[in-house]
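> When you get a sec, could you build the whole thing from the sequences and use the hints?
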Amino acid sequence: MPRKTLIFGNGLGMALDQEFFSLDNAIGRVWDGEGALDEGAKDLIRSCLVEDGNVDRPHGEDDLDNLQLVVSACDFLGRVGRQDIHWLSEHGRQFPNAVRKFLYRTALLFHQRENGLPVEFTQPLAQFIHETKSHIATLNYDNLLYQPMIEAYVLNGYAGALVDGLTNAGFSEENLERKWGRTFGYYMHLHGSPLFVDRDGSIFKLRQGELDEDDEVVGSHIVLTHVKHKETVISASPLLTAYWDHLAKALAESEEVVLFGYSGCDRHLNALLRSRAPAAVRVVEWEGAGAQQERDAHWLDLLGKQVALVRRDNILSFMDW
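The sequence shown: position 321 = 320 (numbering that gives the first Met the number 0), numbered continuously.
Everything labelled a hint here was simulated from the structure, so no lab data went into it. Misleading hints may appear alongside valid ones.
[Said to hold, decoys possible] Keeping only pairs whose Cα atoms sit at most 35 Å apart, straight-line, the calculated DSBU-like set for lysine-lysine is:
1. K41 / K227
2. K100 / K248
3. K132 / K41
4. K227 / K100
5. K41 / K100
6. K304 / K227
7. K227 / K248
8. K227 / K132
9. K178 / K248
10. K132 / K178
11. K248 / K304
12. K304 / K132
[Claimed, not checked] Just the calculated beta-carbon pair ranges, DEER-fashion:
13. A279 / E176: 23 to 33 Å
14. K178 / S234: 18 to 28 Å
15. G32 / R78: 24 to 34 Å
16. A296 / S316: 44 to 54 Å
17. S316 / D295: 19 to 29 Å
18. R273 / F75: 29 to 39 Å
19. D295 / D42: 22 to 32 Å
20. K178 / D42: 47 to 57 Å
21. K178 / D312: 43 to 53 Å
The C-beta atom is built at its ideal place from N, Cα and C for all residues, glycine as well.
Here is the structure:
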């Protein structure tokens with residue numbers, strides 16, 4: 000059976016619990032909580048948001064433009080000069096790590112929930128993946144889809160239908176190579192996950208239960224930034240770079256792309272879909288996103304082609320993969 004590429008956006012979580020999976024709400028919970036940021040770091044972050052710093056906190060990725068520039072500048076200045084001469088104050092040297100911890104803890108919140116996707120949604124999807132070895136790519140930071148696919152043995156080492164390049168020895172792009180006649184598909188965490196951390200020069204995946212064991216753990220493989228800087232963050236991570244490279248390969252061997260719960264706001268992804276996606280593109284979205292004619296025009300403008308638009312009151316009722 001021909002493969003497809005299924006790309007899941009943040010609408011997956013929003014369809015389950017709109018309040019919990021709101022990025023604004025998650026940022027607020029971390030900002031007001033203990034341990035992520037001290038008051039000095041908060042003041043510096045506020046000053047990055049607008050010229051006069053008259054903003055309470057970031058509210059979404061659009062607020063992180065100047066912040067990412069300042070973090071990159073601090074990283075650069077921290078690498079310049081001799082060991083005994085510093086361009087930055089002590090606070091400036093610690094600022095990038097404080098911001099990364101803040102963003103990491105924000106992404107981590109999406110793993111700290113009690114509810115998951117309904118089995119009526121995950122079971123047919125897992126069966127479809129087992130039958131077709133169609134590729135999955137995710138844009139969200141949570142494990143809403145990842146954990147059910149592990150439990151359904153879609154991800155089960157090389158015995159599973161899909162692999163994501165992560166083994167007990169860590170991540171290697173070589174783990175994504177199809178050797179010895181294997182025909183697995185790819186599971187690609189396009190925007191990363193708080194599960195992925197650097198240890199001893201390698202990238203490892205934490206077990207779910209390890210996420211809360213150490214408050215000092217900070218992963219650097221998370222794309223939580225302004226859209227203008229996403230490609231820069233991706234290129235700094237060998238893991239994320241490998242996933243985006245393999246997304247292009249996945250699209251090349253797919254008969255159809257299904258965009259599920261994706262709003263179309265990722266310019267990096269849209270450019271890749273414009274140039275590499277097959278002719279058949281299906282979009283599954285919430286019917287409250289706008290009128291049919293408006294949405295058809297929206298997707299034509301973004302992707303440069305007509306899409307088959309599937310509109311649902313609740314996208315989790317969709318099973319026609």
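> So, for every hint listed, does it hold in this structure?
How the hints compare with the structure:
A threshold of 35 Å between alpha carbons decides the hint, and for K41 with K227 the separation of about 23 Å falls inside it, so the pair holds. Between the alpha carbons of K100 and K248 the distance comes to roughly 33 Å, so the proposed pair stays at or under 35 Å and holds. Taken as a hint, the K132 and K41 pair is broken in the structure, with Cα atoms around 46 Å apart against an allowance of 35 Å. With a C-alpha separation of about 21 Å, the suggested pairing of K227 with K100 holds against the 35 Å cut-off.
Our distance criterion of 35 Å between C-alpha atoms is met by K41 and K100, whose separation comes to about 12 Å. For a cut-off of 35 Å, the pair hint linking K304 to K227 stands: about 24 Å separates their Cα positions. As the CA atoms of K227 and K248 are separated by approximately 24 Å, the hinted pair is consistent with the 35 Å bound. With a C-alpha separation of about 33 Å, the suggested pairing of K227 with K132 holds against the 35 Å cut-off.
The suggested pairing of K178 with K248 holds, with an alpha-carbon distance near 16 Å, which does not exceed 35 Å. At roughly 16 Å between alpha-carbon atoms, K132 and K178 fall within 35 Å of each other, so this suggested pair holds. At most 35 Å may separate the alpha-carbon atoms for a hinted pair to count; K248 and K304 meet this at roughly 20 Å. Taken as a hint, the K304 and K132 pair is honoured in the structure, with Cα atoms around 26 Å apart against an allowance of 35 Å.
As the Cβ distance of A279 to E176 is approximately 27 Å, the hint placing it in 23 to 33 Å holds. With their beta carbons about 27 Å apart, K178 and S234 fall inside the hinted range of 18 to 28 Å. Distance hint for G32 and R78: a CB-CB separation of about 31 Å, consistent with the stated range 24 to 34 Å. One distance hint, 44 to 54 Å for the beta-carbon pair A296 and S316, is violated here, with the actual separation near 25 Å.
Judged by the Cβ atoms, the range 19 to 29 Å given for S316 and D295 holds: they are separated by roughly 21 Å. Hint check: R273 to F75, Cβ distance near 32 Å, so the stated range 29 to 39 Å holds. In this structure the supplied range 22 to 32 Å is violated for D295 paired with D42, their Cβ-Cβ distance being about 46 Å. Here the CB-CB span from K178 to D42 is close to 53 Å, well matched to the stated 47 to 57 Å.
Checked against the hint of 43 to 53 Å, the C-beta distance between K178 and D312 comes to roughly 45 Å, which is consistent with it.
Taken one by one, the earlier hints fail for this structure at numbers 3, 16 and 19, listed in ascending order.
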